[in-house]
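J.: Here are the chains, one letter per residue:
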Amino acid sequence: METKFDIIVIGGGHAGCEAAAAAAKLGSRTLLISMNLETLAKMSCNPAMGGVAKGQIVREIDALGGLSGQVTDSATIQFRMLNTKKGPAMWSPRAQCDRFQFSANYRKRLEELEHLHFFQDMATTITKKKQFHIGTQMGYTFYSSSVVLTSGTFLNGSIHIGKDQYGGGRMSERPSIGITESLHRLGFSSARMKTGTPPRILSSTIDFSQTDIQHGDKNPKSFSFQRQKRLSVQRPCYITYTNNESHNVIRENLEKSAIFNGNIEGIGPRYCPSIEDKVNRFADKDRHQMFIEPEGWNTNEVYINGFSSSLPKETQQEALLKIPAFRKAQILRPGYAIEYDYFPPTQLKHNLETKLVEGLFFAGQINGTTGYEEAAAQGLMAGVNAHHKIRQSESLILGRDQAYIGVLIDDLITKGTDEPYRMFTSRAEYRLHLRQDNADERLMPVGYDLGLITQSAFQQMANDQSTVTKTIQYFSSHHIKPSEMQKIEPIDKLATPKHALSFSKLLSRPQVHIQDLFNVEREEFPFSNLDASILQKVETQIKYQGYLRREAETVDKFIQFKELNIPQNIDYKSFMSISTEGKQKLSDIQPKTFGEAQKISGVSQSDLSTLLIYLGR
Amino acid sequence: MVEISCHGSSYILKEILDLLIQNGAQPAQAGEFTERAFLHGKMDLSQAEAVADLIASENQASHRLALDQLRGGVSSEINELRKELIQFASLLELELDFGEEDVEFADREKLINLIENLQSLVNSLITSFQTGQAIKEGVLTALVGRPNAGKSTLLNTLLNDDRAIISNIPGTTRDTIEEFFELQGVKFRLIDTAGIRETKNTIENLGIERTMRNIEKAKIVVYLYDPLETSDAEVLQDVHYIKDKNLRGEIWVVRNKADLFRPNKDHITISAKNKEIKSLLDAFSSYASQLQIGDQTIITNARHKYELEQALSYLNNAQNGLKNGLSHDLLAFEIRYALKHLGNITGEIDIDRDILGTIFGQFCIGK
Numbered sequence: 001m002e003t004k005f006d007i008i009v010i011g012g013g014h015a016g017c018e019a020a021a022a023a024a025k026l027g028s029r030t031l032l033i034s035m036n037l038e039t040l041a042k043m044s045c046n047p048a049m050g051g052v053a054k055g056q057i058v059r060e061i062d063a064l065g066g067l068s069g070q071v072t073d074s075a076t077i078q079f080r081m082l083n084t085k086k087g088p089a090m091w092s093p094r095a096q097c098d099r100f101q102f103s104a105n106y107r108k109r110l111e112e113l114e115h116l117h118f119f120q121d122m123a124t125t126i127t128k129k130k131q132f133h134i135g136t137q138m139g140y141t142f143y144s145s146s147v148v149l150t151s152g153t154f155l156n157g158s159i160h161i162g163k164d165q166y167g168g169g170r171m172s173e174r175p176s177i178g179i180t181e182s183l184h185r186l187g188f189s190s191a192r193m194k195t196g197t198p199p200r201i202l203s204s205t206i207d208f209s210q211t212d213i214q215h216g217d218k219n220p221k222s223f224s225f226q227r228q229k230r231l232s233v234q235r236p237c238y239i240t241y242t243n244n245e246s247h248n249v250i251r252e253n254l255e256k257s258a259i260f261n262g263n264i265e266g267i268g269p270r271y272c273p274s275i276e277d278k279v280n281r282f283a284d285k286d287r288h289q290m291f292i293e294p295e296g297w298n299t300n301e302v303y304i305n306g307f308s309s310s311l312p313k314e315t316q317q318e319a320l321l322k323i324p325a326f327r328k329a330q331i332l333r334p335g336y337a338i339e340y341d342y343f344p345p346t347q348l349k350h351n352l353e354t355k356l357v358e359g360l361f362f363a364g365q366i367n368g369t370t371g372y373e374e375a376a377a378q379g380l381m382a383g384v385n386a387h388h389k390i391r392q393s394e395s396l397i398l399g400r401d402q403a404y405i406g407v408l409i410d411d412l413i414t415k416g417t418d419e420p421y422r423m424f425t426s427r428a429e430y431r432l433h434l435r436q437d438n439a440d441e442r443l444m445p446v447g448y449d450l451g452l453i454t455q456s457a458f459q460q461m462a463n464d465q466s467t468v469t470k471t472i473q474y475f476s477s478h479h480i481k482p483s484e485m486q487k488i489e490p491i492d493k494l495a496t497p498k499h500a501l502s503f504s505k506l507l508s509r510p511q512v513h514i515q516d517l518f519n520v521e522r523e524e525f526p527f528s529n530l531d532a533s534i535l536q537k538v539e540t541q542i543k544y545q546g547y548l549r550r551e552a553e554t555v556d557k558f559i560q561f562k563e564l565n566i567p568q569n570i571d572y573k574s575f576m577s578i579s580t581e582g583k584q585k586l587s588d589i590q591p592k593t594f595g596e597a598q599k600i601s602g603v604s605q606s607d608l609s610t611l612l613i614y615l616g617r
Numbered sequence: 618m619v620e621i622s623c624h625g626s627s628y629i630l631k632e633i634l635d636l637l638i639q640n641g642a643q644p645a646q647a648g649e650f651t652e653r654a655f656l657h658g659k660m661d662l663s664q665a666e667a668v669a670d671l672i673a674s675e676n677q678a679s680h681r682l683a684l685d686q687l688r689g690g691v692s693s694e695i696n697e698l699r700k701e702l703i704q705f706a707s708l709l710e711l712e713l714d715f716g717e718e719d720v721e722f723a724d725r726e727k728l729i730n731l732i733e734n735l736q737s738l739v740n741s742l743i744t745s746f747q748t749g750q751a752i753k754e755g756v757l758t759a760l761v762g763r764p765n766a767g768k769s770t771l772l773n774t775l776l777n778d779d780r781a782i783i784s785n786i787p788g789t790t791r792d793t794i795e796e797f798f799e800l801q802g803v804k805f806r807l808i809d810t811a812g813i814r815e816t817k818n819t820i821e822n823l824g825i826e827r828t829m830r831n832i833e834k835a836k837i838v839v840y841l842y843d844p845l846e847t848s849d850a851e852v853l854q855d856v857h858y859i860k861d862k863n864l865r866g867e868i869w870v871v872r873n874k875a876d877l878f879r880p881n882k883d884h885i886t887i888s889a890k891n892k893e894i895k896s897l898l899d900a901f902s903s904y905a906s907q908l909q910i911g912d913q914t915i916i917t918n919a920r921h922k923y924e925l926e927q928a929l930s931y932l933n934n935a936q937n938g939l940k941n942g943l944s945h946d947l948l949a950f951e952i953r954y955a956l957k958h959l960g961n962i963t964g965e966i967d968i969d970r971d972i973l974g975t976i977f978g979q980f981c982i983g984k
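If you're matching them up, the sequences are chains A and B in order.
Residue 62 in my numbering sits at position 62 of the first sequence; the count goes up by one each step and never skips.
Just remember that my numbering sits 617 ahead of the position in the second sequence, which is counted from 1.
Just so you know, these hints were derived from the structure itself, not from any lab.
If you're wondering where the values come from, they're calculated on a predicted model, not measured in any experiment.
Glycine included, C-beta positions come from ideal geometry on N, C-alpha and C.
Incorrect hints may appear among the rest.
To be verified - Computed list of lysine to any residue pairs in SDA-like fashion (alpha-carbon distance at most 20 Å, straight line):
hint : chain 1 : residue 1 : chain 2 : residue 2
1    : A       : LYS86     : B       : GLU726
2    : A       : LYS85     : B       : GLU726
3    : A       : LYS85     : B       : ASP719
4    : A       : LYS85     : B       : LYS957
5    : A       : LYS505    : B       : ASN934
6    : B       : LYS957    : A       : ASP401
7    : A       : LYS322    : A       : ARG270
8    : A       : LYS86     : B       : ASN941
9    : A       : LYS86     : B       : LYS957
10   : A       : LYS163    : A       : GLU255
Unchecked claim - Which chain A residues stay away from chain B? Per the calculated CB distances, all over 12 Å, these:
hint : residue
11   : SER44
12   : GLU114
13   : ASP121
14   : LYS130
15   : MET290
16   : GLU314
17   : LYS470
18   : GLN511
To be verified - Just a few of them, taken from the derived set where beta-carbon distance is under 10 Å, the chain A residues facing chain B:
hint : residue
19   : ALA53
20   : LEU82
21   : GLY87
22   : SER92
23   : GLN234
24   : PRO236
25   : ASN243
26   : ILE267
27   : TYR271
28   : PHE282
29   : GLN289
30   : LYS543
31   : TYR544
Extracted from the complex, chain A is given alone in its bound form (with noise of 0.2 Å):
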């Protein structure tokens, strides 16, 4: 059996996969080590890919060539774009997906990829010696020059129901055991996360009458960039509450359940609260929103999203039965909480490798992190860096005013967490620019120049950029009469402008949208007919034209200075205000231009000024 390869990636889940395919792609021999290969990115959660931040997440993995977005397109059973009424940066779209699907098509592309081989079988120790070594449960010896650890909730993952306790990474699923123990042997701290699940149960006997139905988009949107097939038909979620009589059974069980008996220790996400936590915390709320989730096209299984639980079985199964649509609900297995090791991720420089053993990475929940996305995101950034690592070329960090995916890696390393760790659009200081219609201009050059975009996707994309452009500048230097603005309808109820205004100042009319302008469109230049996608990007641009200058114009205080050459051969050891790491990075390095000094990890912002103020700016 082959042993050796130039990576491994150690975990098969959307962490892992992203790894794995990111390095392979790029042409590193990769060997994957999963527990278990009929569950390579499963959705252990909820059946669904993206939301509100997370959307953007998944844009950005695609625009950058992750295959994130490609697979849920393929396993889509409804799409939605949340939060529409609010403006263009707020748009977020959202998968319910065939989490069978979903699975098996990660696990097709991967097979196709000519680099990657796979392994079922426990990793147990990490050790370092010119090579990495990777032992496994089976007895087996892997060797390789770099590492992407992505365990998620496996490392000696304990579930709880109730008072009972049992090792687990998943339901059903053994824990891994003995990675802690060999990261503790080379200097790593550890310490415990808890997150939790609801019951799953079977739709047939549920009664849908007592619910509210929501169906996906009229016209559906995907994730990816490079275009597909349209999704013809969709599968409806179903929204009931919970009541006072279930909360009565939580309340007097409330002892009962895992998270109050004292067997947890590991703190759990606050968005994402368990049921008995929501009845406990919030005790004057009357009733609890619950979605019930389709679990894929060819299941009657549904995930009861919004009542994950730790109380024992036959309180959970209680508590559902006060709920007019469960009252003849059957559970197919019940919620519980799972607590697992996770490695405080100030341990990581920005290109996710460990600060104490070079080339090993980490991605996923072990950096304290929770969901698919976030996940995804690291696994990518970390298949690219490990691979960049043993070609030694340089890291690929995205920065805040990026990416989302920049704002979680960031916000990990510099701040820490310590509960489980989700994006949410108000972490991110540069919202309107890190937008997901333009996740693909504003990364898809980057995937590119990595190689994990076809020269094919890049044109379309730089056709489009191109379209816009133009467009915005024939709004801004093409004016409309007075007369013409009764056929813009919001106008016309407005009160019309005296002068002739530009098509760009109409639009940026918080009133108006460019469909409005087509009544006054003229032939030398019909846009009417261009792709709805370009459009509305014309729109976002022209409407947060002067936000979006005012937040670029804070985004780095240093970006004008990026072409500045730098002398060789500069003493940095004589400087006396640059900190010792600084000193010995910039040393080493010998940065030609201040672009590429600010790209070391190690090199502050201080440091950073004081070389701007050495180089006379």
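With chain A's structure known, arrange chain B on it following the hints.
T.: What follows is chain B alone, placed relative to chain A:
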């Protein structure tokens, strides 16, 4: 690079700073110059730290002063304000990040009320700067009168000091003299001016111009006259003249040489030479007690005022936006800028954690 040299009065400094800021200059961040000096090798690290200590100790002293004297601290007020803003931002962000959740969102009416409340809070802090200046820099008090009315003698009596040159040659005091004295915890900044008199002597003219400017700005103009030299009609004429120049301040007419005349009940009567100035001191005392600031917090730092003005301008944008149906992401944008400027005062900048913390604390979030 422009270097401005001026007299070492903190009042003049503040005026110059205000003027520069009004015209678009931005105040340096705390420690910026020290940092630069350090980077340029003009200071070593310990010197830089010594500067930092010095700055800190000064702030601490003035902070304590503010706490003791003003019954409440600026930072606690700013923190309170920040909390309110975070609360407001949370209501906006709730709808942005948790639009799919089953929670009640604030309606526009409520948001408008909240923001108007915030605007008035920030506004009152900004306007308190005037009072704050008076307390920190002293109440500007111009001492005016015709030559030889005895202004310098009065000044010396007030200060028990012989600083101003006293002579009986009219027009001796060509430059303004600035002194402080304190009554009931209120500092009065006393400016002895050149006399009001037409003259061809250009040096003295300069002094007179300066006198006029001081009169214009003064909170109190003490007009002193000598009844032996100046007729009632002339006094009336001078008072009118001063009132023309100074529309807002108080004008106290003070008759000197009380030892020679019977008191005039409309005028404050003193004898500067005999150090009988009780009636004038009473007037200062009563002014000081009127300047009671109650529970209101006072801003005394020009940089704080600048940050508050910036914050207010973003709040105004947000208020306009709310009225014009601006989307919440853009409203939140304005509020974040306001928060950033408040953060520049208190140094707390981790906005997103605070906002998310507030949301999770108050709303049942999570499917």
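J.: If you check each hint against the structure, which ones fail?
T.: Hints 4, 7, 9, 15, 18, 23, 24, 25, 26 are the ones this structure does not satisfy, whereas the remaining hints hold.
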